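These protein sequence lines are chains A and B, in that order.
Quick note: the first sequence, position 22, residue 22 per the UniProt record's numbering, numbers continuous.
Quick note: the second sequence, position 177, residue 177 per the UniProt record's numbering, numbers continuous.
Some clues are possibly wrong.
Unchecked claim - Calculated pairs, DSS-like style, for lysine-lysine (alpha carbon to alpha carbon, straight line, at most 30 Å): (1) B:K14 - B:K129; (2) A:K34 - B:K30; (3) B:K14 - B:K30; (4) A:K51 - A:K34; (5) A:K51 - B:K129; (6) B:K115 - B:K251.
What the hints assert, rightly or not - To give a feel for the contact side, a few chain B residues facing chain A, derived at Cβ under 8 Å: (7) T37; (8) R38; (9) V51; (10) L66; (11) P79.
Read the hints as simulated data drawn from the structure, not as lab findings.
The structure displayed is predicted, hence computed values, not measured ones.
All C-beta atoms, glycine included, are put in the ideal place defined by N, C-alpha and C.
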Amino acid sequence: MNETAHIQVHVNGEVTEVPAGSTVADLVASRDLKPQQVAVELNRSIVPRAKHSDTTLGAGDRVEIVTMVGGG
Amino acid sequence: MTNEDQYTHDEVLKIGEFELRSRLLVGTGKYASFEETRTALEITGTDMVTVAIRRVNMDPSKGESLLDYIDRDRYHILPNTAGCFDVESAVRTARLARELLDTPLVKLEVLGDPKTLLPDPIGTLEATKTLVDEGFTVMVYCSDDPRMGVRLAELGAAAVMPAGSPIGSGQGVLNPNAIRIMMELVDVPVLVDAGVGTASDVALCMELGAEGVLLNTAIAGAREPLRMAAAMRDACRAGRNAYLAGRIPKKLYANASSPEEGLIEEAGPAPK
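Kindly produce the complete structure, drawing on both the sequences and the hints.
Here it is as structure tokens:
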């Protein structure tokens with residue numbers, strides 16, 4: 001087997017490398033985030049939590065991962 | 001013993017499907033700690049708290065989440081779109097909030113510029129329409145222009161929330177008459193959002209007949225936030241009761257509250 005290929009994606013505005021074939025669930029887990037405490041947008045569309053595991057990231061994808069903070 | 005409750009009964013405030021007993025809506029920003037946030041919310045007696053939606057901190061060193069400090073069985077969470085200066089960002093933020101919190105509620109803010117944080121009227125109308133069409137319960141931050149309130153209600157806003165004065169300014173309600181007129185013209189709840197500086201501002205809003213008041217900085221920024229939380233709770237109740245009780249009209253001249261008959265002999269020449 002070759003070394004795992006990586007692709008570049010934008011996560012919260014920062015260029016990040018992830019293994020090719022990574023899913024949204026993999027990305028969330030790799031950041032030690034609890035899925036219930038985040039919401040994810042992929043290329044400006046919501047990825048519902050139930051679909052994190054079967055949504056695969058592609059090169060150049062733009063991902064936003066948000067949570068709730070204090071605010072008025 | 002007198003049961004005061006029978007004289008101070010109030011209807012619940014209905015916003016879309018949601019029912020609130022407390023008419024004070026409280027933000028969660030700018031507190032010194034999550035612990036202080038939680039205590040302040042408890043003291044205010046609020047039923048609905050606002051939060052913001054932001055990118056997660058990518059540092060793996062991240063600590064606790066505000067989510068751990070807000071009891072969702074106790075409070076309705078009202079996510080805002082604060083910081084959004086265009087329709088698309090506001091709509092996307094609302095969708096993210098719904099995904100995150102599983103709530104149709106959103107406090108819509110489409111702002112004009114970062115210095116004044118005044119609401120952009122055209123963007124606010126556009127985003128309201130989109131979010132209402134998508135099934136959100138939209139509570140809209142807007143200017144105190146009465147006609148703006150009418151247009152938002154026509155589009156299906158669940159509540160309109162005119163600013164008393166600019167966000168975080170503490171200037172209170174600059175144009176009470178505009179807010180009174182808006183309440184007359186609009187058939188959804190009108191809540192004053194933004195500008196509250198101190199307890200009397202809240203009382204004034206409620207005396208005008210506002211269905212509620214939303215505030216944040218006035219508590220979080222006070223020297224003693226937890227004492228101010230109590231002051232705001234009391235002011236909201238006081239103003240609401242005064243509104244329901246019906247104030248006396250203002251008159252130019254005095255009107256004695258003691259009987260004018262039965263007075264003892266007036267002073268005159270001393271009896272011999």
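What hints, given by number in increasing order, does this structure fail? 6 and 8
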